[in-house]
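Q: When the letters of the sequence shown are read in order and numbered with our numbering, they come out as residues 30 to 228.
No lab work stands behind these hints, which were simulated from the structure alone.
None of the values given here were measured: they were computed from a predicted structure.
All the given hints hold, so there is nothing to weed out.
Label-pair ranges, simulated between beta-carbon atoms: (1) 49 - 222: 20 to 30 Å; (2) 228 - 79: 40 to 50 Å; (3) 98 - 45: 33 to 43 Å; (4) 111 - 228: 49 to 59 Å.
Ideal Cβ placement from N, Cα and C applies to all residues, glycine included.
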Amino acid sequence: MTTTTASPRPAVTDAELHPLLAGRWSTRAFDPAHALSAAQTTALLEAARWTPSASNTQPWRFAVTHRGTPAHEAVLATLAPGNQTWADAASAFVVAAAVTVGPDGDERPWAVYDTGQAVAHLTVQAEHEGLAVHQIGGFDRAALAAVLDGPAAAVPLVVLAVGRHDPTVALPEPFASRETAERTRLPLASLVVEVRPAA
30 MTTTTASPRP
40 AVTDAELHPL
50 LAGRWSTRAF
60 DPAHALSAAQ
70 TTALLEAARW
80 TPSASNTQPW
90 RFAVTHRGTP
100 AHEAVLATLA
110 PGNQTWADAA
120 SAFVVAAAVT
130 VGPDGDERPW
140 AVYDTGQAVA
150 HLTVQAEHEG
160 LAVHQIGGFD
170 RAALAAVLDG
180 PAAAVPLVVL
190 AVGRHDPTVA
200 LPEPFASRET
210 AERTRLPLAS
220 LVVEVRPAA
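Could you build all of it, start to finish, from the sequences and the hints given here?
A: As structure tokens, then:
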């Protein structure tokens, strides 16, 4: 077992991972005074932009809002109440949406998968920038889609709360306990399946 010690919540892994991967975790304790710079915003989106996609369709679309703006408040209002209690301190929200239908009207069966890859690339770049990302699935999809100015086929998948981790932030329960709980994953052996040879 390998322990990554650079992270405030180290991951215990079966092999040594790159620190940007092993150190990533989803904090809810964001520095309410931190502002995401234009350069950092561009770096995050560039990391997502250069993600591979099926037939290079690049189905992802992103909306970025910064704390203190009406657009940010509009996204915050679509989050589930529990998420609103801590996400309001994030420096920015990045809404990731997938364009699931192409210009020809054909379904894009890999659009959601590809957009998920783009979000993963963004989170690794955020680690490199010294930023934290918490991916939020608890939101009103219809309400969020209504405030996005994008293609009608762009389906909101996730809201990313982005900012700088602040370990001094006092979170309410149950979030405070989750912030310091041991990080766990299923054992690798339970995630690997066999391929049945052809009869």
